[in-house]
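Novice: Residues per chain, in single letters:
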Amino acid sequence: MSTPMTIMRLIKRIRITPTLYILFLMVPLYWLLTMALKTNAEILGGFSLWPANPTLANFKTILTDPSWYGGYINSTIYVALNTVISLVVALPAAYAFSRYRFMGDKHLFFWLLSNRMAPPAVFVLPFFQLYSSIGLFDTHIAVALAHTLFNVPLAVWILEGFMSGIPKEIDETAQIDGYSFSAFFTRIFMPLIGSGIGVAAFFCFMFSWVELLIARTLTSVDAKPIAAVMTRTVSASGLDWGVLAAAGVLTIVPGAIVIWFVRNHIAKGFALGRV
Amino acid sequence: MMQKKLNQKAWFLVLPVFLLVAFSAVLPLMTVVNYSVQDSFGNNEFYWVGAEWFEEILNSSRFHDALGRQLLFSGIILAIEVPLGIWIALSMPKKGWGASLCLVLMALPLLIPWNVVGTIWQIFARADIGLLGHTLAAMGIDYNYTQNATAAWVTVIIMDVWHWTSLVVLLCYAGLSSIPDAFYQAAKIDGASRWAVFRFIQFPKMQRVLLIAVLLRFMDSFMIYTEPFVVTGGGPGNSTTFLSIDLVKMAIGQFDLGPAAAFSLIYFLIVLLLSWVFYTVMTARDAEAGQ
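Line order of the protein sequences matches chains A and B. Numbering-wise (the working numbering), the first sequence opens with residue 1 and increments by one. Numbering-wise (the working numbering), the second sequence opens with residue 276 and increments by one.
Errors might be hidden in some of the hints.
For lysine-lysine, the following DSS-like pairs were computed, each having C-alpha atoms within a straight-line distance of at most 25 Å [to be verified]:
#1 B:480 to B:369
#2 B:463 to B:480
#3 A:106 to B:280
#4 A:168 to B:463
#5 B:480 to B:370
#6 B:369 to A:168
#7 A:106 to A:168
#8 B:280 to B:370
#9 B:370 to A:106
#10 B:463 to B:369
#11 A:168 to B:280
#12 B:369 to A:106
No lab work stands behind these hints: they were computed from the structure.
Based on the sequences and whatever the hints tell you, model everything.
Specialist: Following this line, the structure appears as structure tokens:
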């Protein structure tokens, strides 16, 4: 087969609508990346579609300045804490919702959902007072606990969806075979819903990673998230676009990496396990 | 439909979640309720004012305006994102590496911290350094989102479409990929039109996930704060001051605790009412599907 023919066939196979849409998504990201590779003088000096002298100086600034890279470390710590806490409490609860009827189950489920829907702005001030009064202000655990407000309901929902897809007969067979509940749950059941746990962890990571309002309010120095470091730079100088863009690029990297691992389940996860 | 056993001991499994959410949701809400019915002269001296703050907020034009802007914003982004999302999901490759690549690239904006989304669009739309702003200026279009309310609205809406349409796409894709190939083959044998395939095969399968999409998009757009705050700061004037921005301004900027608390509760009740309606519709459909 001749090469032009192959190319023609390839072009025919590319679909126009998704391609245009992805292009629309990528152009602002491309712009952020070019900004990150320019010096501030070049950004403000004139307009160019790509950097004349690509430089990694902006990235170097971030990776060598503790007030910058400390933000990434703080964010990673509270996001990881939040993911672990959310999954540990959500797993048994999701099992209960998927297997049993009990007093007030429907009300409880809706109550959980309502917390996912609660505007974070409503909680900003009370959270600040609550965590200050128990001496947890400006700690990673405070942000991790505060983010459970929307991540625990989400994890329960997603896990419940995945668990309902596992036939009940498995539980019963394990019981007949003499497994205790905890042995059955950790050794048989959890591996079966492995992809569901992965997806739930991914969503906990994601929503804790992208949230700013609560994380910023509950921290000042020691646990300040990268997102807050960025906003303060904007208001303080409002000038260093190159470093700001580089910091932005670096916040996208973790998400881009983890998304690759859950790509086959992500659609189901966004449907809260309900497809 | 799986038959569930009645087991009151299941409460023990739910207890950790119950306690944790009670701590992080109920306790703070009690504080809000407490503030909403009291006034203070400082020095931690509070006295009872009853429903005064609620009356003040419900009658204030500031709240009405913010609520109006909020409803308009949520309405516009739903009207754009839902049909666009369906259309893109329908034209996506169904399997293979093309589908994986599409999913990963499309999901990318969803994983960007919200303030970075704001920063990206700020950089992209500025007339002096931004690709979009510069291009529009070169075309002779007067576009300045920091001074012109229309331009600010257009920027915030395009930003939201950029940020969240993929959620609708992913949900619809999930619904579509649960349709067995046999359905399409049967439709082909019957000589069904493209519209008939959509109307009688694809749409019914998508209905459930679409409801989730509308629910999530409505709720999340209704509490939007960070992205417009970074780009426009609620301005020019108050033209993009949505409910959350207004509330934070009131609570933290002006420290008007009483009115802010009343505002919070009214805001939360609106969201709660709407999510209850959605939830009821959703579970009613689930029950129908189960029979």
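Novice: Evaluate each hint against the coordinates.
Specialist: Now for the hints, and whether the structure bears them out:
| no. | hint | result |
| --- | --- | --- |
| 1 | B:480 to B:369 | 15 Å, holds |
| 2 | B:463 to B:480 | 18 Å, holds |
| 3 | A:106 to B:280 | 14 Å, holds |
| 4 | A:168 to B:463 | 37 Å, violated |
| 5 | B:480 to B:370 | 18 Å, holds |
| 6 | B:369 to A:168 | 31 Å, violated |
| 7 | A:106 to A:168 | 20 Å, holds |
| 8 | B:280 to B:370 | 38 Å, violated |
| 9 | B:370 to A:106 | 37 Å, violated |
| 10 | B:463 to B:369 | 17 Å, holds |
| 11 | A:168 to B:280 | 10 Å, holds |
| 12 | B:369 to A:106 | 36 Å, violated |
Hints 4, 6, 8, 9, 12 from the list above are not met by this structure, while the remaining hints are.
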